[in-house]
Amino acid sequence: MYGEDVLKGDWRRRKVVPEVDAERDLVVEDVDSGFCGAVIGFELGAVVLEDRHGKRRNFPLEPAAFLLDGKPVTLRRPAAAPAQAQRRVTASGSVAVEGVRAQVAKASRIWVEGIHDAALVERIWGDDLRIEGIVVEPLDGIDDLAAAVREFQPSRQRKLGVLVDHLVAGSKESRIVAAVTDPNVLVTGHPYVDVWQAVKPERVGLSKWPVIPPGRPWKEGICAAVGVREPADMWRRILKSVSSYKDVETPLINSMERLIDFVTVLDD
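Each residue of the sequence shown is one higher than the last, beginning at 1 in the UniProt record's numbering.
Heads up, some of the hints might be wrong.
Claimed, not checked - 20 Å max Cα-Cα, derived PhoX-like pairs, lysine-lysine:
hint : residue 1 : residue 2
1    : 172       : 246
2    : 219       : 240
3    : 208       : 240
4    : 200       : 246
5    : 200       : 219
6    : 71        : 55
7    : 246       : 208
8    : 172       : 200
Said to hold, decoys possible - Cβ-Cβ distance ranges computed for the label pairs, FRET-style:
hint : residue 1 : residue 2 : range
9    : 241       : 220       : 19 to 27 Å
10   : 239       : 157       : 41 to 49 Å
11   : 267       : 244       : 29 to 37 Å
12   : 58        : 233       : 52 to 60 Å
13   : 76        : 36        : 17 to 25 Å
14   : 44        : 244       : 25 to 33 Å
15   : 40        : 208       : 47 to 55 Å
16   : 241       : 25        : 19 to 27 Å
17   : 244       : 36        : 48 to 56 Å
18   : 213       : 148       : 55 to 63 Å
19   : 157       : 181       : 14 to 22 Å
Derived from the structure by calculation, the hints contain no laboratory data.
C-beta: ideal position from N, C-alpha, C; glycine also.
Build out the structure end to end from the sequences listed, making use of the hints.
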């Protein structure tokens, strides 16, 4: 009279029950075992529940296998959230500008005291300078800095920045720099005898940079103190230890940032 026995078969599979994402901390009850716990993850395709006593059990994601607030539900694994693009940061700490080619070199320049200074600046600020179109040129010392500046002919559209080693009060370098008064030239510096010393000593495996007595070539003294045969070998060791601004001392960072700002902002 009534047809098929309504009590026969698996009633859970006959009902249309809602599907629910098994989000972390969702509290559900397994219908068959009565185990009640919060979702903490997935393992081999099964959902892992943890009860209030810290006990964990795995349950397959079968249709209508769980109760949520006393009502049957089918749990499903949530779709993976799209990965957010990570912002790339340059070695100088700036946010990298993607898809931008290096600009054609502008008239403005930054001068540094030697090839080691230039290599270190390239290692840290190279990306930034290429985008701005600023070329870094090494000098063979700064003894004739005033004459070199006059030959460069700086102007409001052709600025010059100069990074000087050992720029401290009373030094030979400070007297040379004082002779440069052109408003389109900015000279900054750091207090270290050589740009090597601007690299944090622990990056090179030293507790501190050795003190070299006056009168002895500084680089040769450093090599002798640390047991390195040639300055070229020591320089390779130093440069290899630098990958970002975090590896060098703050005075160098501040000086370079000032120079970059100066030469990239041109007056109308």
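Quick rundown of the hints versus the structure:
For the hint pairing residue 172 with residue 246, the CA-to-CA distance comes to about 29 Å; that exceeds 20 Å, so the pair is violated. Restraint check: the Cα-Cα separation between residue 219 and residue 240 comes to about 17 Å, which is no more than 20 Å; the hinted pair holds. Using a Cα cut-off of 20 Å, the hinted pair residue 208 and residue 240 holds, with the two alpha carbons roughly 18 Å apart. With a C-alpha separation of about 9 Å, the suggested pair residue 200 and residue 246 falls inside the 20 Å cut-off, and the hint holds.
A distance of roughly 16 Å separates the Cα atoms of residue 200 and residue 219; the hinted pair therefore holds under the 20 Å criterion. Of the supplied pair hints, the one linking residue 71 and residue 55 is violated, its CA atoms being roughly 23 Å apart against a limit of 20 Å. With a C-alpha separation of about 17 Å, the suggested pairing of residue 246 with residue 208 holds against the 20 Å cut-off. For the hint linking residue 172 to residue 200, the alpha-carbon distance of about 25 Å lies beyond 20 Å, and the restraint is violated.
Checked against the hint of 19 to 27 Å, the pair residue 241 and residue 220 passes, with Cβ atoms roughly 20 Å apart. The supplied range of 41 to 49 Å is broken by residue 239 and residue 157, whose beta-carbon atoms lie about 34 Å from each other. Checked against the hint of 29 to 37 Å, the pair residue 267 and residue 244 passes, with Cβ atoms roughly 32 Å apart. Hint check: residue 58 to residue 233, Cβ distance near 58 Å, so the stated range 52 to 60 Å holds.
For the pair residue 76 and residue 36, the beta carbons lie near 19 Å from each other, so the given range of 17 to 25 Å is met. The given range of 25 to 33 Å is broken by residue 44 and residue 244, whose C-beta atoms sit roughly 41 Å from each other. Our hint of 47 to 55 Å for residue 40 and residue 208 holds, since their Cβ atoms are close to 49 Å apart. Here the CB-CB span from residue 241 to residue 25 is close to 45 Å, at odds with the stated 19 to 27 Å.
Taking 48 to 56 Å as the suggested C-beta distance range, the pair residue 244 and residue 36 conforms, at roughly 51 Å. At roughly 31 Å, the beta carbons of residue 213 and residue 148 sit outside the given window of 55 to 63 Å. Checked against the hint of 14 to 22 Å, the C-beta distance between residue 157 and residue 181 comes to roughly 19 Å, which is consistent with it.
Of the numbered hints listed earlier, those contradicted by the structure are 1, 6, 8, 10, 14, 16, 18.
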